[in-house]
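Assemble the complex: chain A is given as a structure, and chain B must be docked to it using the hints.
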Amino acid sequence: MSPRVGVVLFPGSNCEQDMIEAMGLVGAEPEILWHGDATTKGVDAVIVPGGFAHGDYLRPGAIARFSPIMGAVSEFAAAGGPVVGICNGFQVLTEAGLLPGALQKNAGLKFVCTMVELRVESTDSVLTRGAEAGSVLRVPINHFEGNYTCDADTLAQLRAEDRIVLRYVENPNGSIDDIAGICNEGRNVVGLMPHPERATSELLGSIDGLPLLRSILS
Amino acid sequence: MIFSVQVEVRLRPGIADPQGSTIERAIPTLGVAGVTGVRVGKFIRFDIDAADEASARASVEDLCRRFLTNPVIEDSFIELSAGAAS
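These protein sequence lines map, in sequence, to chains A and B.
Residue numbering for the first sequence follows my numbering, starting at 1 and increasing by one per position.
Residue numbering for the second sequence follows my numbering, starting at 219 and increasing by one per position.
Simulated from the structure, these hints should not be mistaken for lab results.
Take the hints with a grain of salt, since some may be wrong.
[Stated by the list, open to error] Residues on chain A that point at chain B, a partial pick, calculated with CB under 7 Å:
| id | residue |
| --- | --- |
| 1 | R59 |
| 2 | A102 |
| 3 | Q104 |
| 4 | K105 |
| 5 | A107 |
| 6 | L109 |
| 7 | N147 |
By construction, the Cβ of each residue, glycine as well, lies at the ideal position given by its N, Cα and C atoms.
Here chain A stands alone, though its shape is the one from the complex (with noise of 0.2 Å):
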């Protein structure tokens, strides 16, 4: 049986269909969880999806995490669930205290939309092992709030448990040590900016986006 691959859509989310289809194609089956159902409906792993939750108001992420399915996603998480965060999913998972850290605007003062080198750092994580450890990954950014960062302890702690998953080979944003995504104490929680689903086929440019999307489902 296909695992079910919950991905959550609040009012704003606009990657939610993307990601969809790349679930799909990696051989999932991919349904759209409500942010007002507080509830995870039994899913296999949860994916929360870039856009604009909630209008980004007040901050990036920072109504969303008041949605019923919140408490559903954090009680999934504690059980040791796969999350994934992607982008404005990023800022959500940080908001509701899921990820440390936070994302403050672009250093080149830029909306950043183009396509990026990520080295793998860590293969363990939900998001990172089946790829291959130090291979170097084109997929697309496409944000404003993308620059990581975090006080001097946590991004030493981030650095001593093997939690930075990825990291830019040319930084782009800003983020403090070339993040690009990291993951929580039980390695199954991650938050990352770019966007493995837009990375899925030789028509879009690339299809290093795969071996991360196989990696939730392993």
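Chain B alone, transformed into the frame defined by chain A:
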């Protein structure tokens, strides 16, 4: 007792502020020289009903810490006065 609350949310020192930088770079084109240190924040106002000023302030500080700011990147500055503003 009703208290009128004003919360200024500022980006912490060192946090990127593209809006502030862009405004600062635009100002000289208006012929005004010498403007530096432009930072753009947020201003949030509301009224709160509480037993006294200390408990009102405690509630507002809690709101700032848990919701109105992200303490990783923002600081809050609270002003509180007796009586509704609206």
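Hints versus structure:
1. R59: 6 Å, holds
2. A102: A:A102 check passes; min Cβ-Cβ to chain B is 4 Å, inside 7 Å.
3. Q104: 5 Å, holds
4. K105: This interface hint holds because 5 Å falls under the 7 Å limit.
5. A107: The hint holds - A:A107 has a Cβ within 7 Å of chain B, the shortest such distance being about 5 Å.
6. L109: 4 Å, holds
7. N147: 6 Å, holds
Checked against the numbered hints above, the structure violates none of them.
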